[in-house]
Amino acid sequence: MKEIICPHCKKAFKVDEAGFADILKQVRDHEFEKERDEIASELKNKESEIQLHDIALKEKYATELKTKDDIIKMRDEEIELRKDLKVKLSTKMVGETFEQHCEIEFNKLRATGFQNNAYFEKDNDIKTDKINSEGGFETSRNGAVFERFENCVPDIESWLEKGRKLGYKKIIVIGHSLGVSKVLHHFYKTKPEDVVGVILASPPDMVGLVKKTSYQPNYEKLLEEAKQNIQNNNPRKLLSEEVWNWYTLSSLN
Numbered sequence: 003m004k005e006i007i008c009p010h011c012k013k014a015f016k017v018d019e020a021g022f023a024d025i026l027k028q029v030r031d032h033e034f035e036k037e038r039d040e041i042a043s044e045l046k047n048k049e050s051e052i053q054l055h056d057i058a059l060k061e062k063y064a065t066e067l068k069t070k071d072d073i074i075k076m077r078d079e080e081i082e083l084r085k086d087l088k089v090k091l092s093t094k095m096v097g098e099t100f101e102q103h104c105e106i107e108f109n110k111l112r113a114t115g116f117q118n119n120a121y122f123e124k125d126n127d128i129k130t131d132k133i134n135s136e137g138g139f140e141t142s143r144n145g146a147v148f149e150r151f152e153n154c155v156p157d158i159e160s161w162l163e164k165g166r167k168l169g170y171k172k173i174i175v176i177g178h179s180l181g182v183s184k185v186l187h188h189f190y191k192t193k194p195e196d197v198v199g200v201i202l203a204s205p206p207d208m209v210g211l212v213k214k215t216s217y218q219p220n221y222e223k224l225l226e227e228a229k230q231n232i233q234n235n236n237p238r239k240l241l242s243e244e245v246w247n248w249y250t251l252s253s254l255n
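Remember, my numbering sits 2 above the position in the sequence shown when you count from 1.
Everything labelled a hint here was simulated from the structure, so no lab data went into it. Note that the coordinates shown come from a computational prediction; the quantities given were computed from them, not determined experimentally. Glycine is no exception: its CB is placed at the ideal position from the N, C-alpha and C atoms. There may be inaccurate statements among the hints.
[As the list claims (entries may be wrong)] Within a straight-line C-alpha distance of at most 30 angstroms, the following computed DSBU-like cross-link-like pairs (lysine-lysine) qualify:
(1) K184 with K171
(2) K184 with K239
(3) K110 with K191
(4) K191 with K172
(5) K172 with K193
(6) K171 with K191
(7) K184 with K132
(8) K223 with K239
(9) K167 with K184
(10) K223 with K132
[Said to hold, decoys possible] Okay, the calculated beta carbon distance ranges per label pair:
(11) E243 with M76: 50 to 58 angstroms
(12) I174 with K62: 55 to 63 angstroms
(13) S242 with R112: 27 to 35 angstroms
(14) L240 with H187: 20 to 28 angstroms
(15) K239 with E152: 13 to 21 angstroms
(16) E152 with E105: 16 to 24 angstroms
The whole structure should be built from the sequences, with the hints applied where relevant.
Below, the structure is given as structure tokens:
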């Protein structure tokens with residue numbers, strides 16, 4: 003027999019082994035369920051905390067990744083911009099250096115290969131005092147006013163000589179627009195053996211262009227004016243009207 007004291011009335015009473023075991027089991031089950039519920043509640047709270055933590059981490063990393071992606075994108079754009087700028091500057095430098103070379107070579111040949119009125123000129127627009135429809139100054143294309151077609155032979159030859167000095171054995175010459183006619187004229191006159199090919203882009207019909215009245219209605223007038231100026235020993239005098247309402251040319255040109 004087991005003696006048990008009631009926690010409420012403080013009275014003692016006796017129970018047999020089976021009854022004591024049953025009471026003990028009830029107490030244990032009750033404590034177990036209580037402890038189980040507490041543990042389950044704690045686990046649930048922990049899971050909620052973990053979920054909230056995961057969400058916070060995902061948002062944080064998403065923001066950081068977006069920031070990194072933006073940084074990478076900006077860096078790539080900056081790299082491309084610098085590459086493009088480098089190419090442009092390199093192209094500009096090559097063009098200016100080559101232009102200087104051509105001018106030097108031209109001046110070397112000028113005394114023996116050209117007439118006294120031959121000059122090395124750049125093809126660019128020059129502002130006039132006329133106002134256009136947009137309120138700005140009109141421009142006149144004067145870069146080739148003193149050019150003579152025959153001068154293309156030593157001009158192109160100086161380009162080829164530069165290539166030969168650089169060690170090129172097979173050269174391809176490219177001509178665009180009027181440059182097509184110049185390339186062909188140079189090839190016909192010099193027949194260079196190291197020029198293995200030519201590329202002719204957008205060739206013009208110069209004869210048809212000037213003689214067709216729809217293109218150049220004042221052709222005969224300008225031609226007669228140019229001849230008269232040359233006879234008067236004034237070959238560099240500019241024509242009184244533009245060719246094709248676009249080009250300012252000298253009488254000799």
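Consistency of the hints with the structure:
With a C-alpha separation of about 22 angstroms, the suggested pairing of K184 with K171 holds against the 30 angstroms cut-off. For the proposed pair K184 and K239, the alpha carbon gap of about 24 angstroms is at most 30 angstroms, so the pair holds. Note on K110 and K191: the hinted pairing holds, with a Cα-Cα distance of about 20 angstroms set against a maximum of 30 angstroms. Note on K191 and K172: the hinted pairing holds, with a Cα-Cα distance of about 19 angstroms set against a maximum of 30 angstroms.
Taking the CA atoms of K172 and K193, the gap is near 14 angstroms; set against the 30 angstroms cutoff, the hint holds. Simply put, K171 and K191 have alpha-carbon atoms about 20 angstroms apart, close enough for the 30 angstroms limit, and the pair holds. Restraint check: the Cα-Cα separation between K184 and K132 comes to about 33 angstroms, which exceeds 30 angstroms; the hinted pair is violated. Distance restraint check for K223 and K239: the Cα-Cα separation of roughly 15 angstroms lies within the 30 angstroms cut-off, and the hinted pair is therefore satisfied.
Annotation: proposed proximity of K167 to K184 holds, straight-line Cα distance about 22 angstroms (limit 30 angstroms). Proximity of K223 to K132 is assessed by CA-CA distance (about 24 angstroms); at most 30 angstroms being required, the pair is judged to hold. A hinted range of 50 to 58 angstroms holds for the C-beta pair E243 and M76, which are about 55 angstroms apart. Remark: the range hint 55 to 63 angstroms for I174 to K62 is upheld by a beta-carbon distance near 60 angstroms.
At roughly 29 angstroms, the beta-carbon separation of S242 and R112 lies within the given 27 to 35 angstroms, and the hint holds. In this structure the hint that L240 and H187 lie 20 to 28 angstroms apart at CB holds, the actual value being about 25 angstroms. A C-beta distance of roughly 20 angstroms is found between K239 and E152, which places it inside the suggested range of 13 to 21 angstroms. The given range of 16 to 24 angstroms is respected by E152 and E105, whose C-beta atoms sit roughly 18 angstroms from each other.
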